[in-house]
Amino acid sequence: MDIFLQQLINGLTLGSIYALVALGYTMVYGILGLINFAHGEVVMIGALSSLTIIRPLADSGLPGPVVVLIGLFFAVLVCMALGFTVERVAYRPLRNAPRLAPLITAIGVSIVLQQLAMLIWGRSYHSVPALLPSGTHEVLGATFTEVQVIIVVVAAVTMMGLVLLVNRTRLGRAMRATAENPAIAGLMGVDANRIISLTFVIGSALAALAGVLVSANYGIAHYNMGFILGLKAFTAAVLGGIGNLAGAMVGGVLLGVIEALGAGYIGDLTGGVLGSHYQDVFAFFVLIGVLIFRPSGLMGEKVSERA
Amino acid sequence: MAVLLDVLNLEVHYGGIAAVRGISFAVESGEMVCVIGANGAGKTTTLKALARMLPSAGEMHYRGERLDKLPSHALISRGLALVPEGRGVFARLTVAENLAMGAYHRPRHESGEIAADLDRVHELLPRLKERRGQLAGTLSGGEQQMLAIGRALMGRPQLLLLDEPSMGLAPLMVRKVFEVVRAVAAQGVTILLVEQNARLALEVCGRGYVMESGQITLADTAAALAADPRVRAAYLGE
Ligand SMILES: Nc1ncnc2c1ncn2[C@@H]1O[C@H](COP(=O)(O)OP(=O)(O)OP(=O)(O)O)[C@@H](O)[C@H]1O
Ligand SMILES: [Mg+2]
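Going line by line, the protein sequences match chains P and L.
This note's numbering applies: residue 1 is where the first sequence begins, and numbers increase by one.
This note's numbering applies: residue 308 is where the second sequence begins, and numbers increase by one.
Don't take every hint at face value.
If you want a taste of the chain L side facing chain P, the calculated C-beta under 8 Å gives, among others [to be verified]:
{"hint": "1", "residue": "A358"}
{"hint": "2", "residue": "M360"}
{"hint": "3", "residue": "P362"}
{"hint": "4", "residue": "H380"}
{"hint": "5", "residue": "G395"}
{"hint": "6", "residue": "A398"}
{"hint": "7", "residue": "L400"}
{"hint": "8", "residue": "A403"}
{"hint": "9", "residue": "E404"}
{"hint": "10", "residue": "M408"}
{"hint": "11", "residue": "H412"}
{"hint": "12", "residue": "H416"}
{"hint": "13", "residue": "P433"}
{"hint": "14", "residue": "G462"}
{"hint": "15", "residue": "F485"}
Covered by chain L, per the in silico footprint, the following chain P stretches (three or more residues, Cβ under 8 Å) [to be verified]:
{"hint": "16", "region": "23 to 32"}
{"hint": "17", "region": "87 to 94"}
Simulated from the structure, these hints should not be mistaken for lab results.
Where a beta carbon is used, it is the ideal one built from N, C-alpha and C, also for glycine.
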């Protein structure tokens, strides 16, 4: 029982980070039909650029959470500028190219960003100063940390904000209209390029937040951290139904929980042959399973003709 | 009367195929003008070129401005709206949201007038009010057509381009759509109407053009066109 609850808590934490990242994939896909494989690298750059600010400030006497907030603010700015630039430079010129071209470009961008990060931050693992409240609590035999609570709450509030933006505001309405039919939205006066830029900028801001949260969770950041995280968030987006906001959130949380439970029980299930370091395989089992049995995902409608 | 829209030698190509081959026409402020022609004549292509949804050659002047130099999204704030062929409602948005999209370009301080325009659209098209919370994709074809027209009206157009508003509608609905178009025109909106239903189009419009394989072959008052034996034979089924 307690291992179940424990892994559920861990899964929820990780899952809310996946959800934040998955939203970036799903928003871009919804509007461009493009899988932005470079999105995971934006998370990594968010994590590392926040550290650039957080580390020198860590001993400045400022309260820990304030330092993290400043770091987050910087990371969000960096990632928004990055997302904007990547769209302008790499994807916009290929807007009308065959669909394979932007996909390959996305992989290229991903490699470029990784190498760039390696040049700036080096190959070493960076430890993240523990500046957030670090107390632990117990419920029913499982423990959770205050950092975990912060992660889940911040992610949930942010996602609620996004849902309100998309569903309740003039801008969100224009985003949905453009996703559905950019030419017709243009007739209403919507500049599709602006909406697309904005989509990248918002997705990148969420990625920056995810980067700060995930590095706070593990206490470590590295130029290579974006790849697997991005792939898992992509899996979460597909699991939920790519293009669907609610799907990305549900898919993210679900994937986190599946992964954590899988990691918790894999030792028992295999008689100790496989350990919890096989955690990563679950995401890919999920991806393969979804692609075979329900390619439109849990909340997706049909597989759209743009897929 | 002032010329609102002046088109000179408009040409549109799809790859190597010339769909519109150097047509010229004009629409004056307050007029109702129709374009009739067989399937594939280039009518939709002409309207799409006017709405800057397709690249084109030739000149298009609208209120003294070169239309062909503007991007599509800059047109509605200049008073030019298109109700596209096949309606083009946002299926995943509600009726109310579709109507709100029609007023997207209008500044916030006009919110009072926007609300008044919404009331007017609801009055003209009461069905839209009943269905305001419904997803547009679940409306019937006729209701979608009403929505497309209502959405265009929410933008306060001066020139309304209508592409086959009667397509696929039952006779009763066709008449209703034409009534609405006439009511819109009566409010001072200039109308350029593309129609398969030549009889009705020539009935409501003052002037008309006949298009055949990318060219304008006849241009006259609606009454004269309706009496023309060539039009009668080809488009009025007589
Ligand atoms: N996207 C396209 N690519 C290639 N050819 C096209 C395209 N759209 C239209 N055409 C061709 O251009 C010509 C004119 O088409 P258009 O849609 O303007 O006709 P139309 O007069 O509106 O006909 P209808 O009354 O059937 O709507 C047709 O021969 C059509 O096949
Ligand atoms: Mg047509």
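So, going through the hints one by one against the coordinates:
1. A358: holds, 6 Å
2. M360: holds, 6 Å
3. P362: Hint violated; P362(L) Cβ to chain P Cβ min 12 Å, cut 8 Å.
4. H380: holds, 5 Å
5. G395: Check passed: Cβ of G395(L) comes within 4 Å of chain P, closer than 8 Å.
6. A398: holds, 7 Å
7. L400: Because about 6 Å separates L400(L) from the closest Cβ in chain P, which is inside the 8 Å limit, the hint holds.
8. A403: With a closest approach of 10 Å, the A403(L) hint is violated.
9. E404: holds, 6 Å
10. M408: holds, 5 Å
11. H412: holds, 3 Å
12. H416: This hint is violated: H416(L) lies away from chain P, its Cβ roughly 14 Å from the closest one there, beyond 8 Å.
13. P433: violated, 23 Å
14. G462: holds, 7 Å
15. F485: violated, 22 Å
16. 23 to 32: Result for this restraint: violated, n = 0.
17. 87 to 94: Three-residue rule not met by the region 87 to 94 of chain P, so violated; n is 0.
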